[in-house]
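Start from chain A and add chain B according to the hints.
Number of protein chains: 2
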Amino acid sequence: MNAFNVNEHMQALGLQAKTASARMAKAPAATKNQALKALARRLRESAEALAPANARDIERAQAAGLSAPMVDRLKLTPKTIETVALGCEQLAAMPDVIGEVIGMRQQPSGIRVGQMRVPIGVFGMIYESRPNVTIEAASLAIKSGNAAILRGGSEAIESNKALAALVGEALAEAGLPVEAVQLVQTTDREAVGRLIAMPEFVDVVIPRGGKGLIERISREAKVPVIKHLDGNCHVYVDDTAELDMAVRIVDNAKTQKYSPCNAAEGLLVAASMAESFLPEIGAIFAAKGVEMRCDPAAARILRAEGALPPGARVVDAVESDWSEEYLAAVISIKVVEGVDEAIAHINRYSSHHTDAIVTRDHMHAQRFLREVDSASVMVNASTRFADGFEFGLGAEIGISTDKFHARGPVGIEGLTSLKYVVLGQGEVRS
Amino acid sequence: MNAFNVNEHMQALGLQAKTASARMAKAPAATKNQALKALARRLRESAEALAPANARDIERAQAAGLSAPMVDRLKLTPKTIETVALGCEQLAAMPDVIGEVIGMRQQPSGIRVGQMRVPIGVFGMIYESRPNVTIEAASLAIKSGNAAILRGGSEAIESNKALAALVGEALAEAGLPVEAVQLVQTTDREAVGRLIAMPEFVDVVIPRGGKGLIERISREAKVPVIKHLDGNCHVYVDDTAELDMAVRIVDNAKTQKYSPCNAAEGLLVAASMAESFLPEIGAIFAAKGVEMRCDPAAARILRAEGALPPGARVVDAVESDWSEEYLAAVISIKVVEGVDEAIAHINRYSSHHTDAIVTRDHMHAQRFLREVDSASVMVNASTRFADGFEFGLGAEIGISTDKFHARGPVGIEGLTSLKYVVLGQGEVRS
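Protein chains in written order, with my numbering: chain A, 1 to 430; chain B, 1 to 430.
Looking at chain A on its own, in the form it has when it is part of the complex (with noise of 0.2 Å):
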């Protein structure tokens, strides 16, 4: 007999969380702005308070044998507070923009119509390790005026549940619905595909975390997903780049950090840049290790003699190279005619997440981001730079590969939606 039923804690977090969407969406920006200083305030009061919980959650991931970066990712270390206690106020900051009309204009009927900026209602977030994210989602949730049910990984359960206590009293202390931001209570792994099929309750949800887990998400929720599979990004260096700016354009994108979304994974090099661009690049990978997985036309120029130190990785590129999302040492160089063919291979291969061009091509740059059919095309700058902070959002949730309604770093727009509001003095239909 199991005395903790998933089904029944699934449907009465759904009900609770869809009563206090309602108090949410009508709550006013001050109350919202007290509760996210109130939990910046309590969590820097709670450093040491949180810290049995989070060493229960690391001792049970040792004893388990999750690698080493595993378990950092699961430290709550007084920096990590920090950083999030610092993103609360930095939200609490920022203009609220639930209830913002905008558009409002008055039509040939003598009505005026304009639209309202309202929250979705609940979003559903599920993602794994990081403690840190139950803050970050618990925060944006509060300032767009939504209520949220949160799935955090069962090897995170203990710190999250400590944390989430302390929204539920940052709440409560601005006079706001604790039920407004709820931890799922269980490890069970029903309680998921509870969460994604209630849309009765839950409005949307957000997958963060590994590609099979996003893709059975996706593939089994009925309600929509905001989400994105893979960042398979690239860099174009077009015939007028200038040399030094596509060598650091492209050695950051690569090579500053590589696990990120927003690493580059293919590199596409101008014909006539090919002889210069590739050894001064090609130097710099060897040098940090970084395989390069060639097409012949730059393994031929990379493999010739003196191009490249001994010891450099030139691999022959395979079909599959260019559609694969490395999050490695690991880049595929292609050396294309011009910027038509380098259109044509990002929107062939890439995953729509971030592609950029490095010209001084006025004519390509406008082209470049026109055509290419990604969330975040780029004329000049790092890949590394899609994201929520960098793009001036104030926060992020998420990152969507998708075309709806939210695409590219969501922040709390994505979380809203917009109705239309007709203001009449007693117009009727003729």
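Just so you know, the hints here were simulated from the structure itself, not pulled from any lab data.
Possibly wrong hints are sitting among the right ones.
Same chains, same names: a pair is fine if it fits in one copy or spans any two.
Said to hold, decoys possible - Below are the EDC-like pairs computed for lysine to aspartate or glutamate, each with C-alpha atoms no more than 16 Å apart in a straight line:
1. Lys26 x Glu371
2. Lys18 x Glu371
3. Lys26 x Asp340
4. Lys257 x Glu325
5. Lys79 x Asp230
The following block gives chain B in isolation, referenced to the frame of chain A:
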């Protein structure tokens, strides 16, 4: 042996649409407008040439025993043709939103970040009877830079083929790909199943028709759906409403036309207004043969001696009446305490389509606008205004009662997406 393979046909349409969509996305505004104007001209020139195809559809429909109103909806009269031709010209005269860049701002890193409006790609449109929808959808596809695959009703197949041929000629005349607008050439139902399950080719489907069709498509689609299921719209007469205005608006919202989704199905009246207002509107409803399904308080007033003329149909409402979309000369009527109960009732029973308040109270108006969770919320105007043309969108491909992506009447912007554009001068992430 079936010489015509539905799967292969749909696959071919999908691939051709995808290819055409890339060319449409970069087509200059002038070229798209040229195609629209050519289409308008060809429609007017072809009024006679279209007649035989339309006559065959009508004959077949009559032979199949379709009702007179259904047959009427099939008719391509000179007036229908002039209306759709004018619609094309109006679209041509509208500004082009594709390529528009909004919110471009410099970030602390030096990069400038904004959002560019781009076409969604390919939309599939599924509709019934009225052949003029073929032209409406085609012209919206052209203006918005999308490709479209149109699946009209089997009863209008001959008319639709003739109209689609004109669209193709207009596209060719402007130098645009004729595959930008394709009509499904078979009436086989399997074609719909394929159209909604080709995410590799089709970015969104828009069903228009009966609730059964839309429910089936929503359930089975493998791509996003822009849809509305029900239009259970309300008018709430607040305790400070002007009596004349309230009568005018409620009368118009219910009786100006019974079949549209934006007609009112429910009337809520503040208790303080009920004694004065209900007999007035009740007399109008009685005169027009509108059946009134009343809660006990409303029934008591409307059944009082001399309140209504003999023959007025006052019926006791049952629970299901509050949720029903009658699309007929029937209205549900409930007396509520005030704006709180009205908002709660609407948020519980409304289909989130369109709801209106009649009031002089500024606070009540603001609360209604903010708290009623519907696609269109109105103050002192008839719900019948919820329409793309009345809202100034220039055209309407449908009305969405979902909160995601497009909400309310959907015009050209609903067929677009915003991607991030980043302009740098060589910035890298530190």
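Evaluation of the provided hints:
Proximity of lysine 26 and glutamate 371 under a CA criterion of 16 Å is satisfied inter-copy only: 7 Å between copies versus 41 Å inside one chain copy. Proximity of lysine 18 to glutamate 371 under the C-alpha cut-off of 16 Å is restricted to the inter-copy arrangement: shortest distance 14 Å between copies versus 41 Å within a copy. For the identical chains of this complex, lysine 26 and aspartate 340 are inter-copy neighbours only, at 13 Å across copies versus 50 Å inside a copy, given an alpha-carbon limit of 16 Å. For the homomeric pair lysine 257 and glutamate 325, the shortest alpha-carbon distance inside one copy (14 Å) is at most 16 Å, but the shortest distance between copies (56 Å) is not.
Neither within a single protomer nor between protomers do lysine 79 and aspartate 230 lie at most 16 Å apart by alpha-carbon distance, with minima of 29 Å and 51 Å respectively.
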